[in-house]
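Number of protein chains: 2
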Amino acid sequence: MMLSAGNGVPSFTPRVVLELASDTKEEAITWLLSRIRDTQYNGGTELLVEQLGPGADAQEKENPNMFLVGATWQRLLSGAEDLGLFKEFNDGSMRAFTCANKYNFKDFKGDGDSFLSTAECQYIIKHELDTLRAKDETHVPGLSRVKLYPGKSVIRRLLSKGILIQVFPLHEKEELKRLSFAWYKKVKLSFQPLEDIRHYYGEGQALYFGFLEYFTFALVPMALIGVPYYLFDWEDYDKYVIFASFNLVWCTVILELWKRCSSSLAYRWGTLSRKKAFEEPRPGFHGVLGFNPVTGRQEPLYPNAKRQLRVYLVSLPFVLLCLYLSLYVMMIYFLMEGWALSVHDAEPTFWTGILCFIPSVLYAVVIEIMNLIYRYAAEFLTEWENHRLESSYQNHLVLKVLVDMVLLRQSLATLLITSQILNQLMEAFLPYWLQRRRNKKMVRKIHKGKTLEDQELPLANQVRLEADMSTYLGTFDDYLELFLLFGYVSLFSCVYPLAAVLVVLNNITEVYSDAFKMCRVFKRPFSDPAANIGVWQLAFEAMSVIAVVTNCSLIGMSPQVKAYFPDSDMQLILWTVAIEHGLLAFKFILTFLIPDVPKHIQINLSRLEFESREALKKKKILEASEVTKAAQ
Amino acid sequence: MMLSAGNGVPSFTPRVVLELASDTKEEAITWLLSRIRDTQYNGGTELLVEQLGPGADAQEKENPNMFLVGATWQRLLSGAEDLGLFKEFNDGSMRAFTCANKYNFKDFKGDGDSFLSTAECQYIIKHELDTLRAKDETHVPGLSRVKLYPGKSVIRRLLSKGILIQVFPLHEKEELKRLSFAWYKKVKLSFQPLEDIRHYYGEGQALYFGFLEYFTFALVPMALIGVPYYLFDWEDYDKYVIFASFNLVWCTVILELWKRCSSSLAYRWGTLSRKKAFEEPRPGFHGVLGFNPVTGRQEPLYPNAKRQLRVYLVSLPFVLLCLYLSLYVMMIYFLMEGWALSVHDAEPTFWTGILCFIPSVLYAVVIEIMNLIYRYAAEFLTEWENHRLESSYQNHLVLKVLVDMVLLRQSLATLLITSQILNQLMEAFLPYWLQRRRNKKMVRKIHKGKTLEDQELPLANQVRLEADMSTYLGTFDDYLELFLLFGYVSLFSCVYPLAAVLVVLNNITEVYSDAFKMCRVFKRPFSDPAANIGVWQLAFEAMSVIAVVTNCSLIGMSPQVKAYFPDSDMQLILWTVAIEHGLLAFKFILTFLIPDVPKHIQINLSRLEFESREALKKKKILEASEVTKAAQ
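Each protein sequence line maps, in turn, to chains A and B.
The opening residue of the first sequence carries number 1 in full-length UniProt numbering; numbering runs sequentially from there.
The opening residue of the second sequence carries number 1 in full-length UniProt numbering; numbering runs sequentially from there.
Hints listed in this document are in silico derivations from the structure and should not be mistaken for laboratory results.
Computed from a prediction, not measured in an experiment: that's the story for all the values here.
Check each hint, because a few of them may be wrong.
Copies of the same chain are indistinguishable here, so a pair counts whether it falls within one copy or spans any two.
What the hints assert, rightly or not - Computed cross-link-like contacts, DSS-like style, restricted to lysine-lysine with a CA-CA straight-line distance of at most 30 Å: (1) 306 with 259; (2) 259 with 275; (3) 173 with 562; (4) 106 with 517; (5) 109 with 126; (6) 617 with 239; (7) 87 with 617; (8) 619 with 152.
Only chain A is shown next, with the shape it has when bound in the complex:
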């Protein structure tokens, strides 16, 4: 899609949009553009950048400071080399791309213009923009309040000061149409087009959808076995124990197999062995200016001890207090329910029947409110802890949110599984509907009924339409949803045999609503070259350990099991504890026995390493023998 100049469209393929505040001074804009266009040798990025012209039906209120960023193919390829992107080699293995060797990579043709996916191109441009650093400027020209120091990322400083409103990648209308057709518009039963998703949204998104699909299929056996338990109302001790044990082992096995599956995907997508670049501080990080001990660059430093104090003396007590509070609320709920039931049992009328529901409804409402407040507090605290890296911020946030979720929601399991469908509607269709309303307003403004799907939509209007879309905030909430579902299935599997069935049904619709959300509701997100699902793998594993404890105690408490040990409760408990310890030990041994990376990928990885070592050695010996020959 090489666009010709004129009609406000740039002379190159636009990939990323920079939106500056409409009142930004001309001097600052000129400086920024020249810095972006400058050669790498001079500390610039060598990217192409042009101002977006007015739309076909320009409005007065339109922000004129929209800039399109692109790059030549040569620049993109050298950026891919800098980033150490892995691509498929001629022999089928994955290797770090190098320009010197480019013709030996599979699918490299001509100038290499279809070699990189659009997600990769956008990721490269984002990386290059992020690493555009101040040289000797003390502030942005024309904006003395935006301080700079040598080595500071210009884009990050402009973002944190609100000069740069947003940076987002553009949708590719043709590709999006093809993707959405293959993904959620087809009615026939099929796997998701993971390769296309990865091509368009990057590895992080594709891994999420891969995990969603894997998880759904993995639950099918549990669902199939659960159905007869529900239908025939089996309350036999042996059958219960068999079902629960199967579930516990199955949960461990599917989590272990997912690691293999995920590393296969990550290998094929080249993110498995890609070395991560040195991670920059997150935009919100603040501290006293100093020198980073690793890079030697100037950047804010914040003492680790201070952060630890904040974590252990403020956040941890707060989380524990909230836990205590939530357990207290749960106790009140149980008391209320007991009271309501006793009233109903004493003199059952229609009104006492309704009374029985009130505690549950009240509890559900209170829980949702407490959750909202807690989630807000968790985000605030994690921000306040001032983590240097995005990844450690995420880990601390996940930890706080999970502690809450597991304990608060456990008594609401069935209630929530049914509410899940409502949740999906809320999450995908409410923003869509809001978006539609906003679009309509805009459409009314530009007097034409054009949407993103319209092939005729001019670029200027498309960019402005996308700039107005909601921002996708990452996979956090999507994984959290799956995590809660996994909790319902594993924690209480022996009590609700139907849980797996409901989760499978939910996941099938989840695929469609999430796909719809990604393609139609949100701005396109930047790709995230993930190699695995990160901290969530750990969270799921921790949940499966807790599940062993809950299931064993639930079975131990069931009257059928108690009947087996009529004489002594003690023997019952000892047996339960022994079986629980056995299951836990078995789980750990299993985790240990199943290798995380499939054998053939391990072989490929070691071959790559072996070859590079041998090449180095051979080169050295040849050089030495040449030196010897020259000396003779």
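With chain A fixed as given, assemble chain B onto it according to the hints.
Just chain B, lined up with the frame of chain A:
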């Protein structure tokens, strides 16, 4: 120590000795020597090798086929580069040594003749000898029964066919004298000279002694707290629980801190970030000749599935059967003891008093015999499983031996702690005494009273003396001993408060006996560039998990605790289980919270990586700008 030629001594510093069978054909010897001497370009090793001349008082029965191997400094340095040895750089960081950059390394002076430690030189020579590969020979010349194929390690084949009797590194008399003086001959209390040990014996040995020392100091707090429990016979419930809880947390903390300590040592010794070369199959490995999927070289292949079948269908059932048997024997022991006690109680005489001891003595004897048989069987089975790598052989062997140890020896705890001292005598002084007797015989033969310590001993006699010394079989048994001691301390800490004291005392003498053993009894072992204590870390951690279970149940069973819950055993058990789960969870969280590598080492490692990436990038940009200039 550059030796002058003449009197059977070589013209270079001899480092390693090759002893060939005395009836080896001349043709084979000539071929082997020429292959060793050949240039690397031609597939040789470029090492120096000479036959050892007859001793000062040559005996007729002496084996003439002893060869001394050495290398020029240049060759050793290029070998160090091949191996990727890490050395200290001028700026204090550790970097992979390269010849091109040699003058920037700390302590590199002149030709670099004191730059590498003797252990490193010997390790390099061993590695070069091991990687001497057959070219197109189908068998060793003159020995048609010793088959070869392209790529087969010549030395390993000669060893497995018994042509090469042994390969061992030589002791360095001066250095050994200094080391042994600093290590065990000084009487004053001080730390072990770990740097010197590492310099002389390599990283694997130094890590063992470092661990031994660390372990001893780490147990001191437990010993100090344990003493009053023993002296004042405290049997108070609260004090018991406090002692046991302290022990459990302490065990976790010391194991976690050891990881940090070990990575500090490994960083300083340059083994932490050194990449391991591709591991060769162990000498005993056999299979059908095929192509290794990683290296593409010809080597024996053995299907993994077949190995798994052997492990799961033969070894595993065998181990389980042995466990069952040992539990059965333990039951018999308890029955016998119960019977003896009842006889003694009924009518106590002197003879019934002795009768009470008989079951323990019998049990101890039976256990020792069963252990010996089991150990032999475990080695046989692990050999039969035909593991390709030495490391996986070791892991499977450790696993088998540990399973046995933990269960068999637990009831013998106190008995064995006292027998430990006997063990040390057996292990260090018995071989020494045997050695002395053998030496005396030899000395009598050569009509002179010379030993290894004698500075006047000619090289030829020294080599022959060392060739006759026992071979040190690695750190397996040393770690096993420490592991058992750790088991006594952690598993039953609440019952035997004095265990830690005994272990500390034992360890102090252990240092001396092990040091003596290394310096005087055994052949010098080849250095092993280990970065940690390997599978033993895992074994110790597993033991500390089991310790939580045993301690909680022991406390739960104690009459003092039972008195707290007079009405219901059930409540007692529930509390015990709850506390046990809490402790286990706390342990795992603690393991997670304490980083394995100290912060400053992490920073050093990332700086190294960051610098190499930046250098690569800068080089690329410079090249690109030069191309641009040339084009203009």
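Honestly, which of those hints from before does the structure not fit?
3, 4 and 6
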